[in-house]
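**Student:** Below, each chain spelled out in residue letters.
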Amino acid sequence: MTGNVFRNIFRFYLDGFKSMTYGKTLWIIILIKLFIIFAVLKLFFFPDFLKKNFSSDNERSDYVIDQLAKP
Amino acid sequence: MDGIDISLINWSRGQFALTAIYHWLFVPLTLGLSFIIAFIETIYVRTGNEEWKRITKFWMTLFGINFAIGVATGIILEFEFGTNWSNYSWFVGDIFGAPLAIEGIMAFFLESTFIAVMFFGWNKVSKKFHLLSTWLVAVGASLSGLWILVANAWMQYPVGMQFNPETARNEMLNFLDVFLSPVALNKFIHTITSGFVLGSIFVIGISSWFLLKKREIFLANRSIIIASVFGITSSIVLILSGDSSTRQIAEIQPMKLAALEGLHEGKTGTGLILFGVLNKSEEYSKEDKSWEYKFKIEIPKLLSYMAYGSSDAFVPGVNDLIKGNPKNRIISAQEKIERGRYARKVLAGMKKAKENGNIQQYEELKTKFYDNDFKENYFKYFGYGFLNDTNSLVPNVPMTFYSFHVMVMLGFYFFVFFIIMLVSLYRGKIDRRGWLLRLAVITIPLAYIASQAGWIVSEMGRQPWVVQDLLPTVAATSHIDASTVQVTFWIFAVLFTALLIAEIRIMFKQIKTGPKPGGK
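Chains as they are written, first to last, in the working numbering: chain A, 719 to 789; chain B, 92 to 611.
Since the hints were made in silico from the structure, they are not lab data. The model shown is predicted, which means the values in this text are computed figures rather than measured ones. Each hint should be verified, as a subset may be incorrect.
Under the rule of at most 27 Å between Cα atoms (straight-line distance), these lysine-lysine pairs were calculated in the DSS-like manner [said to hold, decoys possible]: (1) 520(B) with 305(B); (2) 742(A) with 603(B); (3) 742(A) with 218(B); (4) 385(B) with 371(B); (5) 218(B) with 788(A); (6) 466(B) with 436(B); (7) 788(A) with 436(B); (8) 443(B) with 459(B); (9) 742(A) with 371(B); (10) 385(B) with 436(B); (11) 445(B) with 770(A); (12) 414(B) with 358(B); (13) 471(B) with 457(B); (14) 218(B) with 607(B); (15) 742(A) with 215(B); (16) 770(A) with 443(B); (17) 305(B) with 788(A); (18) 600(B) with 742(A); (19) 520(B) with 769(A); (20) 788(A) with 459(B); (21) 445(B) with 459(B); (22) 148(B) with 600(B); (23) 445(B) with 769(A); (24) 305(B) with 607(B); (25) 760(A) with 742(A); (26) 788(A) with 445(B); (27) 769(A) with 442(B); (28) 442(B) with 742(A); (29) 442(B) with 788(A); (30) 471(B) with 445(B); (31) 520(B) with 304(B); (32) 770(A) with 442(B); (33) 788(A) with 471(B); (34) 358(B) with 418(B); (35) 442(B) with 457(B); (36) 443(B) with 788(A).
If you want the footprint, here are the derived chain B segments under chain A, 3+ residues with CB under 8 Å [unchecked claim]: (37) 204–211; (38) 250–262.
Yeah, the Cβ is synthetic: ideal placement off N, Cα and C, and Gly gets one too.
Start from the sequences and build out the full structure, keeping to the hints where you can.
**Tutor:** As structure tokens, then:
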């Protein structure tokens with residue numbers, strides 16, 4: 719029963735993608751864009767500054783307090 | 092604040108502006124077009140006329156192109172928060188995180204389910220279920236925007252939170268205070284309806300192109316009727332919510348109001364500038380950035396009435412807000428800076444007490460941040476404590492002034508434009524008015540200009556603040572190398588420009604092809 723539901727959903731998406739014409743170009747654009755955004759930009763250019771440089775929330779708090787309080 | 096890399100701040104701001112502007116090229120069309128499609132499909136389901144199905148599918152195709160190119164462009168803004176704006180991200184705490192998380196979950200479920208039904212579900216699900224999916228996409232897209240706008244409104248009007256000095260984070264006290272803040276509600280209505288207006292103009296513009304080419308007459312005429320009615324209704328709400336914004340800005344961001352009206356000296360019975368040309372005054376200097384009108388068209392006393400409900404009310408100018416105006420109970424910027432510095436000093440004292448192991452002093456100072464008198468008189472001005480120059484409190488006046496007036500003039504033009512289109516169609520004269528059809532096509536880019544100008548007013552006008560009065564831009568950035576921001580700035584510029592070119596090319600191609608029998 720559950721298997722049928724999932725199979726039907728899968729077929730629904732598969733048939734939908736297969737029947738697309740202009741959509742194929744769009745999907746290529748979407749996939750390239752997502753690759754650039756997540757696999758290139760996020761990985762190599764956009765690390766979370768506080769997560770990268772500090773290992774705990776206490777350290778992060780101390781750092782930001784220092785930033786906010788320093789003259 | 093010493094040791095600030097201004098180049099880093101400028102590049103970080105520039106990058107955020109670039110990504111936000113590009114992102115906002117795609118969003119308003121999604122918001123507006125989704126509802127127009129839902130209206131048209133509703134007519135199809137009610138009448139069973141296949142022509143309406145064809146019209147639905149045509150606009151749905153253009154919606155799909157815009158959606159596909161624009162999807163995920165907003166996620167980059169969230170990357171930038173963590174990398175370029177880490178002090179800000181930490182300071183705003185869960186207040187910003189919660190709405191964004193809800194938005195992310197909502198967008199995921201909507202986009203992966205109902206949009207799929209909308210595009211793939213023709214003849215596979217019932218007509219009514221398909222229609223329901225289309226409506227859910229339309230409503231969901233607007234609700235998705237709601238959470239982002241709640242977060243943005245909190246930055247303009249921070250409420251419903253308590254600053255925790257032990258963690259340097261703002262903690263949400265009451266979700267409803269944040270969610271139902273009058274600024275959030277008004278911002279949501281104003282922004283969403285601006286998308287509806289843009290979507291309506293888009294549909295009318297393309298329909299007019301078909302009429303000019305003497306093609307798809309049925310589609311064009313019917314689409315113009317629906318989009319004009321939707322545009323008129325949305326314009327009325329847009330104008331009313333804009334009017335409400337004036338009162339809110341007067342109360343919570345008086346400097347923004349002064350900047351967007353180019354008002355240097357405050358006065359009673361202030362008129363509303365319909366349009367004007369600003370010029371640097373003779374006294375203009377680095378210390379006194381005063382502007383005056385070279386030319387202006389003004390409606391007497393209207394700004395006083397719009398902002399404070401009385402035509403004789405005093406509207407403070409830039410100078411009053413900088414130098415103070417005791418008669419009108421406006422404290423000077425220097426006084427606010429002193430109070431902000433004191434609040435920061437208390438935070439610094441806590442830090443020192445902790446380092447020295449002086450628990451008693453630490454607890455005493457911590458208590459201050461929960462004391463109402465301290466919150467109202469000192470912490471309220473926390474952000475001012477980072478500023479050395481009172482002039483840094485003045486946003487870019489010409490940019491704010493012109494953006495505001497372009498937005499307002501175009502907003503009223505769109506309202507009249509919708510009426511003219513509807514009346515011309517009703518009288519059966521529209522296909523004989525080539526100038527009107529050409530004007531409709533030209534109006535499409537004007538809608539984008541107005542929409543972007545609105546965000547420039549909102550975001551440039553509130554400078555120097557990232558969080559109003561609490562955190563200035565200079566204190567919000569991460570200590571990273573400006574060159575890395577420059578590199579990603581140019582990557583984004585190339586990426587987004589490529590996406591925009593792709594969108595325009597595919598969209599043009601699809602429009603020229605027009606709807607196919609039975610749709611595609």
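**Student:** Now, for every hint given, state plainly whether the structure supports it.
**Tutor:** Quick rundown of the hints versus the structure:
1. 520(B) with 305(B): holds, 14 Å
2. 742(A) with 603(B): holds, 19 Å
3. 742(A) with 218(B): holds, 25 Å
4. 385(B) with 371(B): holds, 9 Å
5. 218(B) with 788(A): Violated. Residue 218(B) to residue 788(A) sits at ~63 Å, over the 27 Å cutoff.
6. 466(B) with 436(B): holds, 14 Å
7. 788(A) with 436(B): Roughly 9 Å between the alpha carbons, so the hint for residue 788(A) and residue 436(B) holds.
8. 443(B) with 459(B): Given that 27 Å is the threshold and the Cα spacing comes to 16 Å, the pair holds.
9. 742(A) with 371(B): violated, 54 Å
10. 385(B) with 436(B): violated, 45 Å
11. 445(B) with 770(A): holds, 25 Å
12. 414(B) with 358(B): Holds. Residue 414(B) to residue 358(B) sits at ~15 Å (cutoff 27 Å).
13. 471(B) with 457(B): Holds - the C-alpha atoms of residue 457(B) and residue 471(B) are around 16 Å apart, at most 27 Å.
14. 218(B) with 607(B): Holds - the C-alpha atoms of residue 607(B) and residue 218(B) are around 20 Å apart, at most 27 Å.
15. 742(A) with 215(B): Since the Cα atoms of residue 742(A) and residue 215(B) sit roughly 20 Å apart, the hinted pair holds (cutoff 27 Å).
16. 770(A) with 443(B): Answer holds: residue 770(A) to residue 443(B) is near 26 Å, not above 27 Å.
17. 305(B) with 788(A): violated, 69 Å
18. 600(B) with 742(A): Measuring from Cα to Cα gives roughly 15 Å; hence the hint holds.
19. 520(B) with 769(A): violated, 64 Å
20. 788(A) with 459(B): Given pair residue 788(A), residue 459(B) holds - Cα atoms ~19 Å apart, limit 27 Å.
21. 445(B) with 459(B): holds, 16 Å
22. 148(B) with 600(B): Answer holds: residue 148(B) to residue 600(B) is near 16 Å, not above 27 Å.
23. 445(B) with 769(A): holds, 23 Å
24. 305(B) with 607(B): It holds: about 16 Å lies between the C-alpha atoms, which stays within 27 Å.
25. 760(A) with 742(A): The given pair, whose Cα atoms are some 25 Å apart, holds under the 27 Å limit.
26. 788(A) with 445(B): holds, 15 Å
27. 769(A) with 442(B): It holds: about 22 Å lies between the C-alpha atoms, which stays within 27 Å.
28. 442(B) with 742(A): Measuring from Cα to Cα gives roughly 57 Å; hence the hint is violated.
29. 442(B) with 788(A): holds, 10 Å
30. 471(B) with 445(B): holds, 24 Å
31. 520(B) with 304(B): holds, 16 Å
32. 770(A) with 442(B): holds, 23 Å
33. 788(A) with 471(B): Since the Cα atoms of residue 788(A) and residue 471(B) sit roughly 19 Å apart, the hinted pair holds (cutoff 27 Å).
34. 358(B) with 418(B): holds, 12 Å
35. 442(B) with 457(B): holds, 10 Å
36. 443(B) with 788(A): OK: residue 443(B) and residue 788(A) at ~11 Å, within 27 Å.
37. 204–211: Answer holds; 3 residues pass the 8 Å Cβ test.
38. 250–262: holds (count 5)
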